[in-house]
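S.K.: Each chain is listed here by its residues.
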Amino acid sequence: MNFTSRDSRNIVASVLILTGIGTVMVYSSTALMSMRQYGSSFHYLWKHIFTVLVGTAAMIALSRTDYRRLRSAVYILLAGSLILLALVFVPDIGVSANGARRWLRLWPTTFQPSELAKVVMVIFLADYMDRNIHRMRDFKHGILIPVGVMVVFQGIILLQPDFGAVVSLGILTVALLILGGARLNHIGALVLFSLPAVYLVISTSAYRLKRLTCFTEPWKDPFGCGFQLVQSFIAFGNGRFFGVGLGDSRQKLYFLPEVHTDFIFSLIGEELGLAGALTVLGLFVWLFIKGVHVARRTDEPFSYFLTLGLSMMIGVQAIINFAVSTGLMPTKGLPLPFISYGGSSLLVNMAAVGILINISSKNEKIPAGRVSYGDNNPSHRVSYMKRRR
Amino acid sequence: MAERRRRKTETRKLWDEDPVRIPFQRSRKRSGVLVTVILFGFAVISLRLVNLMVIDHKRLAERAAEQYTVKEILIPQRGIIWDRRMREMATSVEADSLYAVPSKIKDKRNLSRELAPLINVSSKKLNMTLLKKKDRGFIWLARKLDMNTALKVSALRERSGYAGLGFLTESKRYYPKGFTASHILGFTDIDNKGIAGIELMYDEYLRGEASSVYVNTDARGNSLSGDVREAASGNNLLLTIDERLQYIVEKELSAAMKKWKAKAGVAIMMNPATGEILAMADRPAYDPNFPGRSRPSQRRNRAITDLYEPGSTMKAVLAAAALEEGVVGLDEEFDVSQGYIVVGGKRIRDVHKHEILTFPEVIQKSSNVGAVQIGLKLGKERYYNYIRKFGFGKKTGIDLPGEVRGILRKTEDWSGTSLAALSIGQEIGVTPLQLLAAYAAIANGGVLMKPYVVSDIISPAGKPVRSVSPTVRRRVISEETAAVVRDILKTVVEEGGTATRAYIKGNLVAGKTGTAQIFDPRTGRYSRKRYVSSFAGFVPADNPRIALIVVIYEPKGSVYGGVVAAPVFKNIVEHTLAYLDVPMEREENQIVLAGTPR
Chain A
3 MNFTSRDSRN IVASVLILTG IGTVMVYSST ALMSMRQYGS SFHYLWKHIF TVLVGTAAMI
63 ALSRTDYRRL RSAVYILLAG SLILLALVFV PDIGVSANGA RRWLRLWPTT FQPSELAKVV
123 MVIFLADYMD RNIHRMRDFK HGILIPVGVM VVFQGIILLQ PDFGAVVSLG ILTVALLILG
183 GARLNHIGAL VLFSLPAVYL VISTSAYRLK RLTCFTEPWK DPFGCGFQLV QSFIAFGNGR
243 FFGVGLGDSR QKLYFLPEVH TDFIFSLIGE ELGLAGALTV LGLFVWLFIK GVHVARRTDE
303 PFSYFLTLGL SMMIGVQAII NFAVSTGLMP TKGLPLPFIS YGGSSLLVNM AAVGILINIS
363 SKNEKIPAGR VSYGDNNPSH RVSYMKRRR
Chain B
13 MAERRRRKTE TRKLWDEDPV RIPFQRSRKR SGVLVTVILF GFAVISLRLV NLMVIDHKRL
73 AERAAEQYTV KEILIPQRGI IWDRRMREMA TSVEADSLYA VPSKIKDKRN LSRELAPLIN
133 VSSKKLNMTL LKKKDRGFIW LARKLDMNTA LKVSALRERS GYAGLGFLTE SKRYYPKGFT
193 ASHILGFTDI DNKGIAGIEL MYDEYLRGEA SSVYVNTDAR GNSLSGDVRE AASGNNLLLT
253 IDERLQYIVE KELSAAMKKW KAKAGVAIMM NPATGEILAM ADRPAYDPNF PGRSRPSQRR
313 NRAITDLYEP GSTMKAVLAA AALEEGVVGL DEEFDVSQGY IVVGGKRIRD VHKHEILTFP
373 EVIQKSSNVG AVQIGLKLGK ERYYNYIRKF GFGKKTGIDL PGEVRGILRK TEDWSGTSLA
433 ALSIGQEIGV TPLQLLAAYA AIANGGVLMK PYVVSDIISP AGKPVRSVSP TVRRRVISEE
493 TAAVVRDILK TVVEEGGTAT RAYIKGNLVA GKTGTAQIFD PRTGRYSRKR YVSSFAGFVP
553 ADNPRIALIV VIYEPKGSVY GGVVAAPVFK NIVEHTLAYL DVPMEREENQ IVLAGTPR
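Quick note, the sequences are listed as chains A and B, same order.
The opening residue of the first sequence carries number 3 in my numbering; numbering runs sequentially from there.
The opening residue of the second sequence carries number 13 in my numbering; numbering runs sequentially from there.
For the record, the hints were derived by calculation from the structure and aren't laboratory data.
One-sided and incomplete, this derived list gives chain A residues near chain B with beta-carbon spacing under 7 Å:
1. 135
2. 177
3. 181
4. 225
5. 235
6. 238
7. 239
8. 242
9. 252
10. 255
11. 287
12. 303
13. 324
14. 330
Where a beta carbon is used, it is the ideal one built from N, C-alpha and C, also for glycine.
Whole structure, please, built from the sequences with the hints as guidance.
M.R.: As structure tokens, then:
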């Protein structure tokens, strides 16, 4: 791995600490369940460690690959991820669980293509907006084409269904389009016109509607649909400043469903307290800010969009997960990057970090803040113009 | 210089014309807003965390503590009831009971649908119950399931992962002998509370101490602590009943019931020296394991709750009183040749006509006319006093619930015919136990003993809690009088007596038959069809080991005590003497005459 730049060292450090905390918490949350199901408390832990190792390998590999080469592979990636998404519906290859088909059978584990789709969407948009940067103010180029691609992805993902991925993909796309220079009134119109669609998606699915009402009034039915949220609150409440102690959670004893995946942050809150929860949150902030720092050193749109896009992807997923487990957002089923048990998310996010590290190492010579378009530095202007030609 | 300037201008131009520059600069400006929004998001989460974890801590922690504990009720093991030889008559077995915590059941409808057929209720009803009591922390769904059902339910619980269902091991009353001694033992309700018999009478000793504990559990109700939780068991009881004798008595009584198509039957066996009840049988009977399947008439312990007119069996009391008071001599003769006697305008008849009878022969042949004459000689006050002293009109004090006093009117309420009627055992209501106690007094030398069925109360650890010793109620007649009455009663089963069918080869039987018409309150007269046949006596006559009474209510075919009840008495006694290993007293049949010096 290339540790030459300060930013990349910071990014790697924060990711490794987050992954470490995640591994410990995955063991804490799955030990009993694993013992009851497999007779050994390590079953889930070993699977998680395996994923961490594969993810680290992917991170190292991508940090050594020139990220610019991704540009030539954009359409391959786009087509590949769409095919993988569609393969989920093929019997024997696709795996269903809890009434959803989101996974591909991949010995010895499974893979969730919707996680990959998020990264591919970021890479595609970075490339697309770079090439069309001067046309982003058109409705056609600024909104219609990128949103069209997004809707194709969302449509397939919604069929699985994976509403969490649909929402995070939407938020991510809109954020990147704002960044890419699309007219704000176009974006406003897009959001306004998508509202009926969102309403339709929610209202046609009984469980989504129920989740929404449960979210607004969890205490009304604490043993029915508000159960998970109430149990999550109780976990946080139990934790107070320094938590009940690592491994001593009571909520993980089947009170809090999905404690090792979507609600692992509640477990962190319970066992490690406010101190632990804020540490995890702080690590994500640190990671995000370092990502922004890397972006400030880039001097052309593709790198800039890609860096910020990947940073935001991780940050937005973290915020949505936090918001869901603290009851600020309705339940969606989105893992916490680097922490939650669940291979695909971990793998994809570590791969994204690998790309970030590579961008950082390629652009470290460029002084932060006064990049290419800094009007005060004519020599820089020349080098930029040369690169552009 | 010019070249440099030219290049500079060119670059400047290129720069100015670059189509990317302006939009990229706009992007950089916009990025600031986006980054700020995301950082603001993180800040909001932080505040929310402080709110949940610090400000709401107390409320949420209380809520947590509430859901981590489950109140567990510990039902103690009820004491064992043993017969006098430590055979188990009533014991407790473990049975699983299913409970629900409705507040924890999420999918009530599905659960009801799957569970209902297993526990034999309608799914609609179960669902209604769960919905109605949805805020309750604990309700029973099915108590004391058999092992098969319990296994099926727990398999369902594992398979479907239903939270809010659980089992508690309860102790269930079990009567290994079934029908045997059911009227003495009684039974318990589903909560192991004594409802009848000894179970009711000694409930406070048997039941033990119930308690409840709070147990830490996970969300599926599995206990997290491994400590032993046990409630204090109840005390055990040792009965005076001998299960083998009880069996003999019940078997013979059942046979007689069948033979005579009788409505009911009672037989009680007692140790006359101590008042210990050795056996007490009632027919019809019931299985205390399933008390709900029987009618109240089957569960009634007629031996202590039902009154009947004793008839001729009362003549033993009359004879004892007359002898004790010295109003008759043994050689005194009574003229009964008329076949009837008129007292107070009422004519009292004999069944068989005799000429002149001595005092013992009046009893032996059960002459009503002779008995009335003896009664008249004794007088109503003295006779009444002896009836009272023998324990009639008062509870015997046996340790079984539901005993009645009987009916004995005071002398001032007597009519002109009352003395005569009482001399032949009418106008008085007695329980079989009262009459047996009176005969036991004659058997043991004149002392009225208090009958009892529980001899010892023993703690679960085996230490005696209470030991019952025989209680003398009072001396009724002198030993000499008792001996003479015994001799007279011996002749009843000999040649010329009314109960030759109670004669036993090898041992002397003393007893008296009774055949009483049932007083019909509807017509105000004695029924011509409905009788109570009885035989009360003791054996061996000179050194009585057992006193026994057999009462058959409303036999069909024959009605006489000598025909209906005496053979039952004989059968029971024969088996009993063999079981108790009582030695034969005599080799050949010798006629013992009443009044011969002993």
